[in-house]
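From first to last, the protein sequence lines are chains A and B. Counting along the first sequence from 1, when you hit position 80 you're at 80 in full-length UniProt numbering, and nothing is skipped either side. Counting along the second sequence from 1, when you hit position 60 you're at 60 in full-length UniProt numbering, and nothing is skipped either side.
The set of hints was computed from the structure by calculation and includes no laboratory data. Just so it is clear, CB atoms sit at the ideal spot from N, CA and C, and this is done for glycine as well. Honestly, I wouldn't trust all of these hints.
As the list claims (entries may be wrong) - If you want a taste of the chain A side facing chain B, the calculated C-beta under 7 Å gives, among others: (1) Ala-26; (2) Gly-29; (3) Ile-73; (4) Thr-93; (5) Pro-101; (6) Arg-105.
What the hints assert, rightly or not - Quick list of in silico lysine to aspartate or glutamate cross-link-like pairs, EDC-like style, CA-CA up to 20 Å: (7) A:Lys-36 <-> B:Glu-82; (8) B:Lys-36 <-> B:Asp-116; (9) A:Lys-36 <-> B:Asp-61; (10) B:Lys-36 <-> A:Asp-40; (11) B:Lys-36 <-> B:Glu-89; (12) A:Lys-36 <-> A:Asp-24; (13) A:Lys-36 <-> A:Glu-25; (14) A:Lys-36 <-> A:Glu-89; (15) A:Lys-36 <-> A:Asp-87; (16) A:Lys-36 <-> A:Glu-82; (17) B:Lys-36 <-> B:Glu-25; (18) B:Lys-36 <-> B:Asp-24; (19) B:Lys-36 <-> B:Asp-87; (20) B:Lys-36 <-> A:Glu-25; (21) A:Lys-36 <-> B:Glu-89; (22) B:Lys-36 <-> A:Glu-56.
Stated by the list, open to error - Derived DEER-like restraints, expressed as beta-carbon distance ranges: (23) B:Asp-102 <-> A:Ser-69: 31 to 39 Å; (24) A:Pro-64 <-> B:Cys-58: 34 to 42 Å; (25) B:Arg-90 <-> A:Glu-25: 49 to 57 Å; (26) B:Glu-89 <-> A:Pro-114: 50 to 58 Å.
2 protein chains.
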Amino acid sequence: MSKQDVHLTRGGGCCTPISVAALDEAEAGVGAAVFKALSDPIRLRLMSIIASAGAEVCVCDITPHFNVSGPTISHHLRVLREAGLVDCERRGTWVYYWPVPDRLRWISALLSVPEDVVLAH
Amino acid sequence: MSKQDVHLTRGGGCCTPISVAALDEAEAGVGAAVFKALSDPIRLRLMSIIASAGAEVCVCDITPHFNVSGPTISHHLRVLREAGLVDCERRGTWVYYWPVPDRLRWISALLSVPEDVVLAH
């Protein structure tokens, strides 16, 4: 079910920032899909809770943070998973989530502005 | 018209990564709005063209890269501007765009995974 196999590298290397080279249509499609997963406030908060936990997080410990239903949380978690930002495993009654560091680093690097890059203005 | 005055800092400093601390609702709302601006493939390509140009870019040099109408491009550029990612100035017939480095650095830092942060798995 994971989409982590979506091609994420650009040109000869990983993560060429957009401040260094413009994206082609295919690259923009992949990047936009990941940003779309982060474009909802609930999903972005979910992502931050999972990313900052320092350990796997049980969905049972996530839902109390939100005033929305369990199925709604599950839907948002699925979107994050399909974007390759988190992964999960069911153990008994509960599902446990953890972040995918490479995906976070890739999307962060895509937006980075290297020190030696001079932007207009 | 710019929304660059939206509060972007977190806690005691700028850009605490989500891998370090979870976002509250207000922070997630601001972040999600910026990611939403980048969640469209055309807008993400536009952003990359403007960010990587190394100089101001005339809208007249942007539209030939896309198979969509001028008004559509203008709409997408307005979304990027309202998200604080680009700014622009009209000079005579044309509008010129440039990236907002602080906004790019902020959103990149938000997603970064510092070397000393240990993520689950």
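The hints, checked one at a time:
1. Ala-26: violated (9 Å)
2. Gly-29: holds (5 Å)
3. Ile-73: Since chain B brings no Cβ nearer than about 14 Å to Ile-73 of chain A, farther than 7 Å, the hint is violated.
4. Thr-93: This interface hint is violated because 20 Å lies over the 7 Å limit.
5. Pro-101: holds (5 Å)
6. Arg-105: holds (5 Å)
7. A:Lys-36 <-> B:Glu-82: The hint holds at about 17 Å.
8. B:Lys-36 <-> B:Asp-116: violated (29 Å)
9. A:Lys-36 <-> B:Asp-61: violated (27 Å)
10. B:Lys-36 <-> A:Asp-40: With Cα atoms ~8 Å apart, Lys-36 of chain B and Asp-40 of chain A stay inside 20 Å; holds.
11. B:Lys-36 <-> B:Glu-89: Distance ~23 Å between Lys-36 of chain B and Glu-89 of chain B Cα, so the pair is violated.
12. A:Lys-36 <-> A:Asp-24: holds (18 Å)
13. A:Lys-36 <-> A:Glu-25: holds (16 Å)
14. A:Lys-36 <-> A:Glu-89: Violated. Lys-36 of chain A to Glu-89 of chain A sits at ~23 Å, over the 20 Å cutoff.
15. A:Lys-36 <-> A:Asp-87: holds (17 Å)
16. A:Lys-36 <-> A:Glu-82: holds (11 Å)
17. B:Lys-36 <-> B:Glu-25: holds (16 Å)
18. B:Lys-36 <-> B:Asp-24: holds (18 Å)
19. B:Lys-36 <-> B:Asp-87: holds (17 Å)
20. B:Lys-36 <-> A:Glu-25: holds (18 Å)
21. A:Lys-36 <-> B:Glu-89: Judged against 20 Å, a Cα distance of about 28 Å means the pair is violated.
22. B:Lys-36 <-> A:Glu-56: violated (27 Å)
23. B:Asp-102 <-> A:Ser-69: 31 to 39 Å: Holds, since Asp-102 of chain B and Ser-69 of chain A (Cβ atoms, about 38 Å apart) stay within the stated range.
24. A:Pro-64 <-> B:Cys-58: 34 to 42 Å: Distance hint for Pro-64 of chain A, Cys-58 of chain B is violated at roughly 52 Å.
25. B:Arg-90 <-> A:Glu-25: 49 to 57 Å: Violated, since Arg-90 of chain B and Glu-25 of chain A (Cβ atoms, about 28 Å apart) do not stay within the stated range.
26. B:Glu-89 <-> A:Pro-114: 50 to 58 Å: violated (26 Å)
Consistency with the previously given hints fails for numbers 1, 3, 4, 8, 9, 11, 14, 21, 22, 24, 25 and 26, ordered from lowest to highest.
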